[in-house]
Amino acid sequence: MVKYITKRIGISILTVLVLVTVVFILVRLMPGDPFNDPKMTPTVRANLNAYYGLDKPVIQQYATYLGNLLRGNFGYSMIYPNQTVNNLLASSFPYSLDLGIRALVLSLSLGLVFGIISALNRGNKIDLFFVIVAVIGTSVPDFIMGAILQYFFAVKWGLLPIAQYYGFAHTILPSIALGFYTMASISRIMRASMLEVVQQDYIKTARSKGLSNFRITWKHQIRNAILPVVTVLGPTVAAVLTGTFVIESIFAIPGMGKYYVESVQNYDYSMILGTTVFYGTFLVLANMVVDIFYGIVDPRIRIAGK
Amino acid sequence: MKKIISFLLVVVLILGLAACSTPQEPTETTPAQTEGETPATGDKIFRYALAADPASFDPSLTHSIPDATICYNLYDGLYRDVVGDIRPASAESYTVADDMVTYTFILRDGLLWSDGEPVRAQDFEYGIKRFLDPNTAAPMSYLGAVIKNGDKVSSGELPLDELGVKAIDDKTLEIVLDRPAEYFISMLSMSPFAPQRQDIVEKFGKDYCAKPENQVYNGAFVVTQFGEGKLAAKKNPNYYDADKIKLDGFEALTVKESNTQLSMFNNGELEMVSLSTDVATEYAGESKQYYDGANDFAGLNHNNKYLANKDFRLAMNFALNREEYILLSHNGLYMPNLRYVLPQVHGVEGEYGTEYPYEAYPLNGDLDKAKEHLDKAMAEFGLTDPSVIELKMVVTDTETAKKEAEVLQSQWKSNLGIKVNINLVPYKTKNAMLVPNSDEFDIIMSGWAPDYSDPYSYLELFISTSGYNFLNYKSEEFDNYMEESTKTSGKERMDNLFNAEKVLLEDGALVPQQLRQVHYLVAEGVTGLEGYFVGINFNFLYADISR
Amino acid sequence: MDFHNQTITPDRFRVVGKNLKEMESISRPSITFWKEAWLRIRSNKAAFAGLVILIVYVLLAIFAPLLSKYSFDQQDAYAMRQSFSAEHWFGTDTLGRDLWVRVWVGARVSLSIGFIAALINSVIGTIIGGFSGYYGGKLDMILMRIIDIIYGIPSLIINILVMVVLGTGIQSLIIAMVITGWAGACRFTRGEVYRLKEQEFVLAARVLGQSTFMIIVREIIPNIMGLLITNLTMAIPSAIFREAFLSYIGLGISPPDASWGVLAKEGTALMQVAPHLLYIPAFFIGTTVLAFNQLGNGLRDAFDPRLRGTD
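From first to last, the protein sequence lines stand for chains A, B and C. Read in order, the letters of the first sequence correspond to residues 1 to 306 in the working numbering. Read in order, the letters of the second sequence correspond to residues 307 to 853 in the working numbering. Read in order, the letters of the third sequence correspond to residues 854 to 1164 in the working numbering.
In isolation and in its complexed conformation, chain A is listed as follows (with noise of 0.2 Å):
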């Protein structure tokens, strides 16, 4: 097992700097560079170039920010001038993660238990309710489920605050917003799980062998179907916590999101780098987690894939 874990720690920090290669050169390839407010003379370009060592050769560049970054240092903004990449990104990504934590707590929990609930109750109303729910949450893309929950419970109905991020209130609306969606597909795949591993000969056995309905539901049906969702788990992780993005503009939170698509749409290099090194640490992480949990669900594959 400790082999296993090794292995795959290695591999990972293997893959982020393979990320941050070919970042750095997509990013170089991009057209067009971050100054290019049309009032700057030649003279200020060269400037800016100069001061964010912009006009030395690409390598040089290359072997400069991996020497920083060994070092944990990402650079200075070319968007926010006097801040470090470092800085921003460690204010802004507690809101991001504190967000992206909620609507998992929230989407996971209930996903599961509605999908469990659904596939007990095939065919009767409780699983009509929840199954309209589900349809629901996976039909509208979460933009346009951030504005109206918006509308009618903050601005309309005054229940919930309209924006920003300080208090318990504030969190509600903007993880419900972020978090549906996960929600309502993880219960279609608990619910379809659930229904198939029913079916299976090993249920059939444990039934013939006069266990309780609740032991089998909960030592055989659940762990069993689980699985598919626990597949699911990295990308579905990676999704909410790269997804913040459109939920935090609508309702005004300071998280990392904004980083991660403005830092592109403006040619901030130094946030670029910063933000995908960041990013692609935590999915790496995040992934080598999932494949242990996995390994320990399912003692077959631990065994199996070395």
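Simulated from the structure, these hints should not be mistaken for lab results. On a predicted model such as this, the values are computed, not experimentally measured, just so you know. Backbone N, C-alpha and C fix where the C-beta goes; we use that ideal spot for every residue, glycine too. Among the hints, erroneous ones may be present.
With beta-carbon atoms standing in for the labels, derived distance ranges [as the list claims (entries may be wrong)]:
(1) A:Y202 to C:V1060: 18 to 24 Å
(2) C:F937 to A:L14: 54 to 60 Å
(3) B:A685 to C:Q927: 27 to 33 Å
(4) C:R895 to A:A239: 50 to 56 Å
Short derived list, chain B residues pointing at chain C, Cβ under 10 Å [as the list claims (entries may be wrong)]:
(5) N565
(6) V713
(7) E766
(8) S770
(9) T771
Starting from the known structure of chain A, fit chains B and C onto it as the hints suggest.
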């Protein structure tokens, strides 16, 4: 059995939600606030919204209007432009020598920085020199060209001491210009010409102005919080004019969505809000408006074989029904521009537009004239079918720009028969194309906002040698008038500028579209808020809130 | 029939004798796999309804703009942001364009992008994921790392690059979405293959000498077909959403074309002033997704006899 399971699941659900509700609440007193910088007290806090975070409050590095608006309230220059009224600020007077380029400023007595140190002429010298120092890489350093050796210093050709700025003593500052420029005094209101403290800059190095406490202020307010979606400031007791300042502080909140901004305003969370043109018609009765100085036009690339033809360009201009264009793209909320220079800028004594009225094209277009010009042009091209003519129009990828482009495309298609293809690009990409001899566009949607209140600021773009001349427009007559204006002053100078404008429009060099007006709402009880078109968007320095 | 309350008495049976031929004969008419699937779908009301809705939308998308007197880019300054009327069935947008026509022109874009992108993603992802999962080892490791990298690159950069090289429009949008999107189906398939390859029937096939390729195609993929199809029907709305997101940032279609995502975005900006501009596109996005979901469920049931009756 099913019931028990369902019940248990609900219990799990509730427990899960309960776990959710022990939040790691993001604290209200954020890390950006540190010792010494307590927030503003009192409840006269002017709050407004920005579409994006302020880039920085370093006075040398500001280059967006929202940032300039903030810095206007944090620093105090020699003179201050208060919605067109140029008043003494930190300087109490100035004299100009006979050579018309040497200015001597006398500072007031008793000027203090927020940390108690006196403001000296040396601070002004340092501030301007830092602004033009190539190592600072200030994006607006081209403004320094008006000062003697400003150009050469900012390109590194000459050392900083060769700059025409010198502190004669603690209270006297001498500035020598490159050439006579009557508008220079109004430029001093901008934060690049504000004083800066050498010791502070050297102490913090690259982190100067990274946090509120990494800076000292000589203006009406000091920054208490910067980051996490908010820039907050409180009244500066050391400001020499502090008793004229009624507000206790101000807050600029970052709220990207205009929808959300409006909702917050209606909920009493903001003192003012700008309205997008889609929504502004709904508030027509209550909203106020001001010109923001931006003058939008469709730039024509004179290197394109069709656009090189004067008749063709005039055809495009006369074919445009600008009234309908404004109605469609901006609900009639902008002012169609029938000339080029913003009429509200300074003329000789009063407004330029009143002193030199001019209408280059009729408001609803003139289809007959357009046809006439088009036919002449087509004859010269040797074409009979206008739909053969295809032009590439580059536009920013925002909703508003998209709308404008679609209307123009549609009008030119129905009124002239030519084909215009729209290419949407991000703002930065478009700006990259605004250089001379670009082959990336035939038509490009652009605009210009003035740096100072004078027609020259708008017209200097199209001097044939200008680095901004992305139209590739070359007219000797135009160049001559512009040249003459730099050698003359007063009315004679204005006449020259006006003649230049006429030449530009009679040549159909570009297609003027609109003068932007910003519509905004002000909360009840707020007084003293004014919009302006140069340098800053609106002035709340002397605003007051009474609830 | 209520079996619990009836007693089974001898007079309910009749002796037919021992006729070996009849005993072995197949008494049900033989039909192909596909025909049987079709019959199942037809009898599944929800799935059939979904199919019908989609067909209706596709037909409207093709014909409605052709039959309307308004063109999708025809502006009318004097009829802006109007609600439903006889003149304009769905009202008008902020430029005075007829919304009914724009919805169906948008449908062309959204439906084609959604379907094509999701399909390509699924096919590529499944094939690669299948092989990766089955072979495991080095191949798997490298492929998974490649996927990690793809997920790590801000997809915006890829989108901008593709747009620059290929220009804006549906094709480059689809290509950009495929480049960033195939990894999802791949990872899912890989996980499932991992799960299945240790099962006994695979072992049996191996023992019997079936080639690896045939094992994957014949044994494994049919067993995950159900979940694969579910995923595909989930991938289509996801593709439609992705397009909406890209349009939201301005990397979508060029004007005056529109997609449902673009229409929805225009609608949110005007929500407080002309709500129908939001609710109508949202309605169509929703019902289309619903239809795909029901159809997907029906297909899954139709293809897998064991799953019958689970929906």
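To see whether the hints hold, each was checked on the structure:
1. A:Y202 to C:V1060: 18 to 24 Å: 22 Å, holds
2. C:F937 to A:L14: 54 to 60 Å: Taking Cβ atoms as reference, F937 of chain C and L14 of chain A lie about 59 Å apart, which means the hint holds.
3. B:A685 to C:Q927: 27 to 33 Å: Distance hint for A685 of chain B, Q927 of chain C holds at roughly 32 Å.
4. C:R895 to A:A239: 50 to 56 Å: The hint (50 to 56 Å, Cβ to Cβ) is violated, given that R895 of chain C and A239 of chain A are roughly 36 Å apart.
5. N565: 7 Å, holds
6. V713: The hint holds - V713 of chain B has a Cβ within 10 Å of chain C, the shortest such distance being about 7 Å.
7. E766: 31 Å, violated
8. S770: With a closest approach of 31 Å, the S770 of chain B hint is violated.
9. T771: Given a least distance of 31 Å, the restraint on T771 of chain B is violated.
In this structure, the hints that do not hold are numbers 4, 7, 8, 9, in rising order.
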